Amino acid sequence: MNQKMKAIIAKDIRSIVGEKRYFTMLLFLPFFLGILFPSIFVLLIKVAPTDMHDLDGLMQLLPKDLAGDSVLDALLSLILNQTIPIFFMLIPIMCASVMAASSFVGEKEKRTLETLLYSPLSLRDIFKAKVLASTIISLLITYATFILMVLILNVEFQLLDGTFFIPGLSWLWVMVLLVPACTLLAITFIVKGSAKSKSMEEAQQKAAFLVMPILLAFISQFMGFVIISPFMILIAGVILFIIGYLMLQKTTNAFTYETLIK
Amino acid sequence: MEAIVIENLEKIFPPDIHAVDQIRLQIAQGEVFGFLGPNGAGKTTMVKLLNGMLEPTAGSASIMGLDPLKDTTGIHAISGVLTEHAMMYDQMSAVENLQFFGEVFGLQKDETTKRALELLQTLQLDEAKDQKLATYSTGMRQRLSLARALIHKPKILFLDEPTSGLDPESAMAVNQLIQQLANQGVTIFLCTHQLRYAQELCTNYGLISQGKLLATGTLEQLRKQVYDGYTVRLKSSWLPDTLHYTKIADDEIEFQLEHEEDIAAIIRDIVMHGGNITHVSSRKMSLEEIYFALMKEAEGERK
Ligand SMILES: Nc1ncnc2c1ncn2[C@@H]1O[C@H](COP(=O)(O)OP(=O)(O)OP(=O)(O)O)[C@@H](O)[C@H]1O
Ligand SMILES: [Mg+2]
Numbered sequence: 024m025n026q027k028m029k030a031i032i033a034k035d036i037r038s039i040v041g042e043k044r045y046f047t048m049l050l051f052l053p054f055f056l057g058i059l060f061p062s063i064f065v066l067l068i069k070v071a072p073t074d075m076h077d078l079d080g081l082m083q084l085l086p087k088d089l090a091g092d093s094v095l096d097a098l099l100s101l102i103l104n105q106t107i108p109i110f111f112m113l114i115p116i117m118c119a120s121v122m123a124a125s126s127f128v129g130e131k132e133k134r135t136l137e138t139l140l141y142s143p144l145s146l147r148d149i150f151k152a153k154v155l156a157s158t159i160i161s162l163l164i165t166y167a168t169f170i171l172m173v174l175i176l177n178v179e180f181q182l183l184d185g186t187f188f189i190p191g192l193s194w195l196w197v198m199v200l201l202v203p204a205c206t207l208l209a210i211t212f213i214v215k216g217s218a219k220s221k222s223m224e225e226a227q228q229k230a231a232f233l234v235m236p237i238l239l240a241f242i243s244q245f246m247g248f249v250i251i252s253p254f255m256i257l258i259a260g261v262i263l264f265i266i267g268y269l270m271l272q273k274t275t276n277a278f279t280y281e282t283l284i285k
Numbered sequence: 119m120e121a122i123v124i125e126n127l128e129k130i131f132p133p134d135i136h137a138v139d140q141i142r143l144q145i146a147q148g149e150v151f152g153f154l155g156p157n158g159a160g161k162t163t164m165v166k167l168l169n170g171m172l173e174p175t176a177g178s179a180s181i182m183g184l185d186p187l188k189d190t191t192g193i194h195a196i197s198g199v200l201t202e203h204a205m206m207y208d209q210m211s212a213v214e215n216l217q218f219f220g221e222v223f224g225l226q227k228d229e230t231t232k233r234a235l236e237l238l239q240t241l242q243l244d245e246a247k248d249q250k251l252a253t254y255s256t257g258m259r260q261r262l263s264l265a266r267a268l269i270h271k272p273k274i275l276f277l278d279e280p281t282s283g284l285d286p287e288s289a290m291a292v293n294q295l296i297q298q299l300a301n302q303g304v305t306i307f308l309c310t311h312q313l314r315y316a317q318e319l320c321t322n323y324g325l326i327s328q329g330k331l332l333a334t335g336t337l338e339q340l341r342k343q344v345y346d347g348y349t350v351r352l353k354s355s356w357l358p359d360t361l362h363y364t365k366i367a368d369d370e371i372e373f374q375l376e377h378e379e380d381i382a383a384i385i386r387d388i389v390m391h392g393g394n395i396t397h398v399s400s401r402k403m404s405l406e407e408i409y410f411a412l413m414k415e416a417e418g419e420r421k
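So the sequences go chain by chain: A and B.
In our numbering, each residue's number is its place in the first sequence (first place is 1) plus 23.
In our numbering, each residue's number is its place in the second sequence (first place is 1) plus 118.
Worth flagging that the hints you see were computed from the coordinates, not collected in a lab.
The structure presented is a predicted model; accordingly, all values stated were derived computationally and were not measured.
Fair warning: there could be bad hints in the mix.
[Said to hold, decoys possible] Here are the simulated PhoX-like cross-link-like pairs (lysine-lysine), alpha carbons at most 25 Å apart as the crow flies:
no. : chain 1 : residue 1 : chain 2 : residue 2
1   : A       : Lys69     : A       : Lys133
2   : B       : Lys188    : A       : Lys151
3   : B       : Lys353    : A       : Lys29
4   : A       : Lys29     : B       : Lys402
5   : B       : Lys250    : A       : Lys133
6   : A       : Lys215    : A       : Lys285
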């Protein structure tokens, strides 16, 4: 990577952070999914475990021989280590698509991409810089949200019953494999869409398609169909990462100057 | 040495638009080449072909010995391009924009800043240098784009309508800057509709219409293709019967003459017949007149 690419990365990041509308959009979901949502579960289960019928499906996934408080602890651990990690992947998808939409489609829309194409950077390097900018934003926000979530959960655990929250192995594979994989896939969808879609909003709607499998996994878990083991997350992470990487390569290689300045 | 060599270059857009049609052309280093033609003639397409932005249907080109398709980034490093559609960032100020593009061209930050401020001053934008581009008028944007094209001191400049949308003062400043760059040895490929400015700036011309190159050469060479003599304008109370003229106003006429010396005999004749001459002037054909004559001729041939 060279200084020219770094200039593009810095410019892209600065422009999304500087634009209030997009930046709030970037921070809304992490706050909701990473901070608010887990805390609600903790309070629901540890403080007021009166009406748990909504979670019956999940309960079925627990070992049958548990009793009393240990049922609740096991349930909470299941939610925090199985359900929330899956939902968490919406954060990189959201961040990467908002960022990629601004960085690829936005520049094309405003015809600033054409100016950039006349620079001494190859088309590949321009795309690489832009993919990196989106990846950096997506990973930074996701990881920061995760750290903040772990901190807040630990404070809550301490205050409520003096225990700790230590993230399970699923979290590790989600963070190092699934989050980058989702980021690459979201960028791919936006870049692929940018060839056809006329506006940023249109491209983002197309990327929303990625959210579907995650919602399905989430719902099926709530209904008590499957328990997703850390090993399955590891395998899924590796496969999705490879697919994401290859699709992104293929998509960016298909672009030429001529298709971009139309 | 030739800065630009174009060999039978052709670009056909679907369905069957011959935007650039079998053009051969050579432009020497340090020339200011005026590429002139009506709307849709193929000027912008040519600029894009020469910078590797479009792939030619046939033929080839070379810029300072580099192939636009194989060494696109090499060409971009030594050329500055101003086109009508290439925009800059609205959310950034003029200086920030120039700093960014300087970095993208591989310049050091303080070097870029210094050059940016110089260019903004020359182009009379120094007062607005810290304003966001969103507040810029069309003419200000146009001048800033020129500054952007010059930020890396290019050896070749491709200017597509650099003075469109500019007021007379700004247009003059831009033309002076172009002249100054030409004096420093920068090769300039100038597409324009403003033929008077072109005549002041350009050393060579190429006239294009519907993708075809109609004529090339210096002003003198073009004139020889049309009419190399003089047009004399005369205001007089009496006129010789033998004179073939066209009436311009009530007592004002114009006629053509191969040699300037022959005016003397005509004036003597009028004075001897007691005529009163209140105006006499002679000039050669202007670029504008040559342009119209050649375009008309081409249209005639097409019919
Ligand atoms: N991307 C494209 N697809 C299809 N046709 C095109 C494309 N770009 C240009 N053309 C056509 O090619 C011809 C030449 O266009 P070009 O833009 O080169 O003209 P120009 O000389 O720059 O005109 P102007 O003086 O109006 O800027 C026109 O008929 C135009 O419609
Ligand atoms: Mg044009």
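Non-conforming hints, listed in increasing numerical order: 1, 3 and 4
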